[in-house]
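*Asks:* Sequences listed follow chains V and Y, in order.
If you read the first sequence in this note's numbering, its first letter stands for residue 1, the second for the next number, and so on.
If you read the second sequence in this note's numbering, its first letter stands for residue 1, the second for the next number, and so on.
It should be emphasised that the hints constitute simulated quantities derived from the structure, not laboratory data.
A couple of the hints might just be wrong.
[Claimed, not checked] So, partial list: chain Y residues that the calculated Cβ filter (under 8 Å) puts toward chain V:
(1) P6
(2) N55
(3) L204
(4) Y208
(5) V213
(6) M216
(7) A257
(8) S268
[Unchecked claim] Derived DSS-like pairs (lysine-lysine); straight-line CA-CA distance at most 25 Å:
(9) V:K276 to V:K107
(10) V:K152 to Y:K119
(11) V:K285 to V:K311
(12) Y:K119 to V:K249
(13) V:K107 to V:K92
(14) V:K244 to Y:K119
(15) V:K249 to V:K285
(16) V:K245 to Y:K299
(17) V:K64 to V:K149
(18) V:K268 to V:K244
(19) V:K276 to V:K244
(20) V:K232 to V:K244
(21) V:K59 to V:K149
(22) V:K184 to V:K92
(23) V:K232 to Y:K299
Bear in mind that the values here come from a model prediction, so they are computed numbers and not experimental data.
In this text, a Cβ means the ideal position worked out from N, Cα and C, and glycines have one as well.
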Amino acid sequence: MSKQTLRRALCAALLLPAAAFSYAAPAAAPLNIGFVYVSPIGDAGWTTQHDIARKELEKNLAGKVTTKYVENVPEGADAERVIRDLVQQGSKMVITTSFGYMNPTLKVAKQFPGVKFIHLTGYKTAPNVATANARFYEARYLAGVLAGKMSKSHTAGYVGAFPIPEVLQGINAFTLGMRSVDPKAVVKVIWVNSWFDPGKERDAAITLMGQGADVVTHHTDSTAIVQAAQEKGKYAISYHSDMKKFGPKAQLAAVTHHWGQYYTAQAKAVLDGTWKSTSTWGGIKDGMVKLEAINPAVPADVQKLVQTREKEIVAGTLSPFTGPLKDNEGKVRLEKGNMTDEGLNKMDYFVEGVAGKVGK
Amino acid sequence: MDSLAPLIAAAINAGTPLMLAALGLLINEKSGVVNLGAEGMMLVAAIVGFAVTINTGSVTLGFLAGAAASMLLSGFFAWMTIWLGTNQYATGLALALFGGGVSTYIGIDYVGSSLQNGKFGIPYLQDIPFLGVALFRQHPMAYLALLLCGAIAWFLYRTRAGLVLRAVGESPSSAHALGYNVRRIRLFAVLFGGACCGLAGAFLALVYTPLWVEGMVAGRGWIALALTTFATWRPARVLGGAYLFGGVTILTFHAQALGVPVASQLLSMLPYLAAIFVLVLISRNANYIKLNMPASLGKHFNPGG
Numbered sequence: 001m002s003k004q005t006l007r008r009a010l011c012a013a014l015l016l017p018a019a020a021f022s023y024a025a026p027a028a029a030p031l032n033i034g035f036v037y038v039s040p041i042g043d044a045g046w047t048t049q050h051d052i053a054r055k056e057l058e059k060n061l062a063g064k065v066t067t068k069y070v071e072n073v074p075e076g077a078d079a080e081r082v083i084r085d086l087v088q089q090g091s092k093m094v095i096t097t098s099f100g101y102m103n104p105t106l107k108v109a110k111q112f113p114g115v116k117f118i119h120l121t122g123y124k125t126a127p128n129v130a131t132a133n134a135r136f137y138e139a140r141y142l143a144g145v146l147a148g149k150m151s152k153s154h155t156a157g158y159v160g161a162f163p164i165p166e167v168l169q170g171i172n173a174f175t176l177g178m179r180s181v182d183p184k185a186v187v188k189v190i191w192v193n194s195w196f197d198p199g200k201e202r203d204a205a206i207t208l209m210g211q212g213a214d215v216v217t218h219h220t221d222s223t224a225i226v227q228a229a230q231e232k233g234k235y236a237i238s239y240h241s242d243m244k245k246f247g248p249k250a251q252l253a254a255v256t257h258h259w260g261q262y263y264t265a266q267a268k269a270v271l272d273g274t275w276k277s278t279s280t281w282g283g284i285k286d287g288m289v290k291l292e293a294i295n296p297a298v299p300a301d302v303q304k305l306v307q308t309r310e311k312e313i314v315a316g317t318l319s320p321f322t323g324p325l326k327d328n329e330g331k332v333r334l335e336k337g338n339m340t341d342e343g344l345n346k347m348d349y350f351v352e353g354v355a356g357k358v359g360k
Numbered sequence: 001m002d003s004l005a006p007l008i009a010a011a012i013n014a015g016t017p018l019m020l021a022a023l024g025l026l027i028n029e030k031s032g033v034v035n036l037g038a039e040g041m042m043l044v045a046a047i048v049g050f051a052v053t054i055n056t057g058s059v060t061l062g063f064l065a066g067a068a069a070s071m072l073l074s075g076f077f078a079w080m081t082i083w084l085g086t087n088q089y090a091t092g093l094a095l096a097l098f099g100g101g102v103s104t105y106i107g108i109d110y111v112g113s114s115l116q117n118g119k120f121g122i123p124y125l126q127d128i129p130f131l132g133v134a135l136f137r138q139h140p141m142a143y144l145a146l147l148l149c150g151a152i153a154w155f156l157y158r159t160r161a162g163l164v165l166r167a168v169g170e171s172p173s174s175a176h177a178l179g180y181n182v183r184r185i186r187l188f189a190v191l192f193g194g195a196c197c198g199l200a201g202a203f204l205a206l207v208y209t210p211l212w213v214e215g216m217v218a219g220r221g222w223i224a225l226a227l228t229t230f231a232t233w234r235p236a237r238v239l240g241g242a243y244l245f246g247g248v249t250i251l252t253f254h255a256q257a258l259g260v261p262v263a264s265q266l267l268s269m270l271p272y273l274a275a276i277f278v279l280v281l282i283s284r285n286a287n288y289i290k291l292n293m294p295a296s297l298g299k300h301f302n303p304g305g
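Construct the entire structure; sequences and hints are all you get.
*Replies:* Listed below in structure tokens is the structure:
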């Protein structure tokens, strides 16, 4: 009896201040965070990774945040309407996850100075707009090391969407990684001029395999390349998401994106009132990019080598782009030292070892 | 040379859906009806075929369901244009847009799922060096499309029914005067066109990619429509045109991987340029097109008046 009374008293003691607090400060209502996705969430791909991050954020800050999302939002005028709708529905923080949302985000941000915005992969910030991107090329370098060790034909195939710096960084880092373990290695590139056209991506991958590539990878958004490699009995390195189930034998590893930690930190800063507009460009060290799901068929010593290189990248003793660095026409692009972020952002060439020319 | 055989195989694979759709549209147009809704029908067939295969595990059922769904749409089109006398071009365009929208809606739950294709091959023939890889390891539908091409050529020019169909397309009033039911014959032709577009759409989702994504037909319906004109309504030329288009697409990938120093954007224009080039060559002889083009194409026929 006395025990129960004690428990009740304790409960009351615990609950009272909480109740008082919630009445006194309505700001303690959960922070509503809106997400704008460029494609349907799907099973694998760019948007899938953002949705995984959204769920991670909800879990990490359970009770303090609520989230909502709008998927398949075209870049352009429609995006502006969607972003404004989210704010008007009570989102105090909006995360827009595609490059083409840059201007719509800035426009809406101007109208709602009290709301915080995060725009992914863009380069324009504002007092209430932060940007974030990831150093995908770091994991690409590791993927290249893996490909170099696993390729028997010394040839890898790379299906690219468009010849822009972000994609070129990936191709070049992959090539440098591959040639760091196999100086004879060659990387062949096919541009499909589309982020998402499974038919073309597949044809491109099959063409590359037909020309001797026994490892293929891609900077496009579908699972077609991993599937094609599985069918042809070759290896593939997936991008964006782990695509093991689309090619269990083919997938050597996956270069994946992880935004959960970053989103959690940003939401926390908003909750604490310490949020500031920042430009983040995080890599493996920050947990934003990973080479994961390494196939068990990869020999232990190769796995170990990749791990060692990964540790070196995290420690800062290894950087994929270090001089002297020549492009594939023999011109020296970097005399010595590590490449600056500016140099990375202006990359418009293939490094030595890539076959072909950058289409310009 | 090692890379030539897979190149030929890939060209055939890329040309097959174009050929299937274009052959259907050829019969469709030979009866005097032009259906611009091909893109929409292919999209609907792609998602219906894909959904059925995912749920039943049977690719054959997927093809049948895709063809049936597309036939249903073309039946609706036939009712509108042949019986109600609506404008064929406007109705076809509406069908193309409708198909795009409705396929996206049906497909919401299927984005991201995918099928795993087995290996195909004709026993013994597939082991011939070079030719085996180049020709004899295609999906059965690729051979069916070839058979269909032969069957249509035979039907159009060697059978009485084919003659009647052509007569309906050339001069519906004469065919009507001879006692043929023009509307019914046109209905069958449109339904056949729908079924073929359905097979082509299902091929894209079940064999070519093989997955579903919004708008995945990516203009191939329009290319098939152009192909029938470009082939001056001759089945053998449809075959050549489809493989040429597929071949040039694949060739541009090869050129890139081999490091040919041409901008990729320019290369991706090549298939279209090739098509336009051949079209110009053919249309230098205006009589030839006139001779082959169904005279009543796009015109409504009213048996009462």
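*Asks:* Is the straight-line distance between the alpha-carbon of K152 of chain V and that of K119 of chain Y 25 Å or less?
*Replies:* The hint holds at about 24 Å.
*Asks:* Do the alpha carbons of K59 of chain V and K149 of chain V lie within 25 Å of each other, as the hint requires?
*Replies:* 39 Å, violated
*Asks:* With a cut-off of 25 Å on the C-alpha distance, tell me whether K119 of chain Y and K249 of chain V pass.
*Replies:* 16 Å, holds
*Asks:* Against the 25 Å threshold, does the CA-CA distance of K276 of chain V and K244 of chain V hold or violate the hint?
*Replies:* Violated, because 38 Å separates the two Cα atoms, which is more than 25 Å.
*Asks:* Given P6 of chain Y was flagged as interface, is its beta-carbon under 8 Å from a beta-carbon of chain V?
*Replies:* For P6 of chain Y, the interface hint holds, since the closest Cβ of chain V sits about 4 Å away, which is under 8 Å.
*Asks:* Interface hint check: A257 of chain Y, Cβ to nearest Cβ on chain V, cutoff 8 Å. Holds or violated?
*Replies:* 5 Å, holds
*Asks:* K285 of chain V and K311 of chain V were given as a pair; does the straight-line alpha-carbon distance stay at or below 25 Å?
*Replies:* 9 Å, holds
*Asks:* Minimum Cβ distance from N55 of chain Y to chain V below 8 Å?
*Replies:* Since the shortest Cβ distance to chain V is 16 Å, the answer is violated.
*Asks:* Within a Cα-Cα threshold of 25 Å, do K276 of chain V and K107 of chain V meet the stated pairing?
*Replies:* 19 Å, holds
*Asks:* K232 of chain V and K244 of chain V were given as a pair; does the straight-line alpha-carbon distance stay at or below 25 Å?
*Replies:* 16 Å, holds
*Asks:* Does the interface hint hold: is V213 of chain Y within less than 8 Å of chain V, judged Cβ to Cβ?
*Replies:* This interface hint holds because 6 Å falls under the 8 Å limit.
*Asks:* Has the given pair, K244 of chain V with K119 of chain Y, been kept, meaning a C-alpha gap of at most 25 Å?
*Replies:* 20 Å, holds
In this structure, the earlier hints numbered 2, 15, 16, 17, 18, 19, 21, 22 and 23 are contradicted, and the remaining ones agree with it.
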